[in-house]
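Asker: Listed here are the chains, written in short residue letters.
Protein chains: 2
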Amino acid sequence: MKTPIAIGIDFGGTTIKCALIEEGRIIHRGEVIETHRSGDSAAIIDALFSRIVDLQRVCPETVAIGVGLPGITDSVNGIVHRLSNVPGWNEVPLRDILRRRTGLHVAIENDAKSMAYAEWKYGAAKRGENVVCITLGTGVGGGLILNRRLYRGSFLGAGEIGQMSIDYKGIPGNYGNPGAFEKYVGNAQIAERAQKLYEKAGKLVPIEQCTPAALDDAAQAGDPVACQLWGQLGIEIGTALSNAVWLLNPDTIVIGGGVARAGELLFAPIRQTIRALTMPIFYENLVIVPAALGNDAGVIGSASVALDSLPGPA
Amino acid sequence: MKTPIAIGIDFGGTTIKCALIEEGRIIHRGEVIETHRSGDSAAIIDALFSRIVDLQRVCPETVAIGVGLPGITDSVNGIVHRLSNVPGWNEVPLRDILRRRTGLHVAIENDAKSMAYAEWKYGAAKRGENVVCITLGTGVGGGLILNRRLYRGSFLGAGEIGQMSIDYKGIPGNYGNPGAFEKYVGNAQIAERAQKLYEKAGKLVPIEQCTPAALDDAAQAGDPVACQLWGQLGIEIGTALSNAVWLLNPDTIVIGGGVARAGELLFAPIRQTIRALTMPIFYENLVIVPAALGNDAGVIGSASVALDSLPGPA
Chain U
239 MKTPIAIGID FGGTTIKCAL IEEGRIIHRG EVIETHRSGD SAAIIDALFS
289 RIVDLQRVCP ETVAIGVGLP GITDSVNGIV HRLSNVPGWN EVPLRDILRR
339 RTGLHVAIEN DAKSMAYAEW KYGAAKRGEN VVCITLGTGV GGGLILNRRL
389 YRGSFLGAGE IGQMSIDYKG IPGNYGNPGA FEKYVGNAQI AERAQKLYEK
439 AGKLVPIEQC TPAALDDAAQ AGDPVACQLW GQLGIEIGTA LSNAVWLLNP
489 DTIVIGGGVA RAGELLFAPI RQTIRALTMP IFYENLVIVP AALGNDAGVI
539 GSASVALDSL PGPA
Chain W
239 MKTPIAIGID FGGTTIKCAL IEEGRIIHRG EVIETHRSGD SAAIIDALFS
289 RIVDLQRVCP ETVAIGVGLP GITDSVNGIV HRLSNVPGWN EVPLRDILRR
339 RTGLHVAIEN DAKSMAYAEW KYGAAKRGEN VVCITLGTGV GGGLILNRRL
389 YRGSFLGAGE IGQMSIDYKG IPGNYGNPGA FEKYVGNAQI AERAQKLYEK
439 AGKLVPIEQC TPAALDDAAQ AGDPVACQLW GQLGIEIGTA LSNAVWLLNP
489 DTIVIGGGVA RAGELLFAPI RQTIRALTMP IFYENLVIVP AALGNDAGVI
539 GSASVALDSL PGPA
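Chain order of the listed sequences is U and W.
Going left to right, the first sequence walks through residues 239 to 552 as the working numbering numbers them.
Going left to right, the second sequence walks through residues 239 to 552 as the working numbering numbers them.
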């Protein structure tokens with residue numbers, strides 16, 4: 239039997255990527271869509287449809303389409319409730335619209351959950367039974383695989399590690415939740431904290447030079463401020479993850495996003511923190527690894543979710 | 239077909255209770271064992287065996303035995319690694335010992351997980367798909383039902399809500415974990431906090447009169463100090479539960495233990511806090527209820543876990 243091929247669409251606030259996916263591998267990439275230049279939701283759906291047609295031309299035997307979206311999506315009913323950084327997407331029945339226009343099986347899913355699924359099925363957490371995935375970026379996204387299944391929770395909102403509190407009297411999050419973890423380790427917060435630390439050390443560094451990538455380079459070159467900051471971030475990330483570890487006792491934690499590229503600078507203090515804050519049965523066999531699929535996790539994950547939700551026997 | 243009957247054993251630090259259980263109901267109670275008066279683990283196992291024989295005499299068709307224990311238990315291999323407040327229980331293969339001596343099917347499980355299972359199967363969370371249970375006492379125990387199954391985690395340690403941090407720079411927990419939730423709302427902590435609050439209000443109250451039950455009575459009678467304390471406890475419990483809600487998006491939260499008897503004095507601020515710290519899809523359909531089975535949850539849960547793990551078709 240031939241392995242089925244699906245179109246994976248990674249709907250981001252800046253760009254929308256799409257590709258043909260076969261068994262977790264990209265076999266062809268479609269043209270990128272600039273999200274904000276494309277107009278309202280109807281115009282973006284038109285652009286999506288045109289990319290789908292292009293990809294179907296490349297591979298006419300495509301059987302499914304998966305879309306990963308940055309926001310609150312109802313994967314059961316196929317409705318986009320709201321997107322985080324893209325206005326005009328309120329209660330859009332995206333699954334049925336695409337299904338009608340393409341005739342193919344369509345699945346929609348939250349982007350962090352799609353990425354977690356990709357990392358579990360084809361990436362860094364391949365043999366995991368219970369996996370916690372986090373993606374560090376502007377905010378902190380999360381996805382859970384529990385008992386070898388994508389875990390969505392009762393109302394499809396599970397996995398919001400970035401909103402969990404590390405300090406009940408701390409910095410307020412987007413929902414008035416004090417101590418929200420993402421308000422400590424989001425890209426903007428990291429840049430601000432770096433700038434302040436540099437200032438304290440008598441150095442004026444423009445905020446544009448305080449991206450995770452720049453701080454990574456600086457630390458690799460031995461910059462003490464950058465090294466200190468990565469250590470501190472590792473403690474905070476380790477603290478938040480320890481809470482998930484006490485609750486879920488996972489075997490694998492996958493950390494992705496720009497920040498994760500700092501490698502051992504970040505992973506060493508994370509491991510150390512989880513070791514210090516939990517107990518042996520929780521950390522002794524726990525594997526903490528960087529994401530393996532990078533920017534491709536979105537298209538691979540959404541296509542895989544779609545393929546694995548095809549009705550009937552495969 | 240007759241409904242199967244099992245013996246449920248609730249192994250506590252103070253007493254060990256046992257009963258015959260049929261479909262989640264106690265049909266006969268065995269004599270209580272005083273845990274500390276009974277000697278070492280071998281002597282306690284002898285006492286357990288004698289109670290089992292007594293109960294088998296009452297009901298010769300008993301098919302299984304379930305034991306819920308306060309500590310780290312390996313329910314897969316049937317080994318008690320360690321008990322929290324009972325010395326001399328290190329690496330005891332309790333399941334095989336009881337199996338050999340009784341010839342019956344035996345299952346062992348952590349007590350908080352047994353109680354969660356009982357509340358889900360027969361108690362306050364009967365229709366729940368994803369349920370978070372906490373038991374407030376000396377410490378805070380927890381158990382999770384996810385996708386209608388008892389969730390144990392990869393190394394059988396899941397559900398330790400009491401160890402989750404509400405403040406990464408806060409009061410250290412038993413494992414050096416700062417801000418451990420149970421160090422804010424455990425019985426001893428509640429008593430100390432109450433005494434201090436009374437002192438501040440110019441009243442000297444002995445610590446023995448600061449039990450959850452006494453504070454409950456006081457608050458029901460309008461005592462402002464007790465009312466204030468229950469409100470504050472509700473905020474802390476609500477904060478810890480909000481973290482579990484963001485991560486797991488459950489439909490039901492069950493709160494048990496002595497503290498939960500305070501009823502709306504405690505449940506109102508808990509609900510309010512979860513509402514304030516999360517977002518509508520997380521709290522709008524979330525049910526937060528007191529445990530329904532009280533002190534019987536242990537025997538009912540352990541018997542039910544044993545019955546539901548019987549091999550072959552029921």
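Watch out, some of these pointers could steer you wrong.
Copies of the same chain look alike in the list, so a pair counts if it fits in one copy or across any two.
[As the list claims (entries may be wrong)] Subject to a maximum C-alpha distance of 30 Å in a straight line, what follows is the list of computed DSSO-like cross-link-like pairs (lysine-lysine):
| hint | residue 1 | residue 2 |
| --- | --- | --- |
| 1 | Lys240 | Lys434 |
| 2 | Lys240 | Lys364 |
| 3 | Lys240 | Lys438 |
| 4 | Lys438 | Lys407 |
| 5 | Lys434 | Lys407 |
| 6 | Lys407 | Lys240 |
| 7 | Lys364 | Lys407 |
Simulated from the structure, these hints should not be mistaken for lab results.
Asker: Hints numbered earlier in the text: which of these fail when held up against the supplied structure?
Answerer: Violated: hints 1, 3, 6 and 7.
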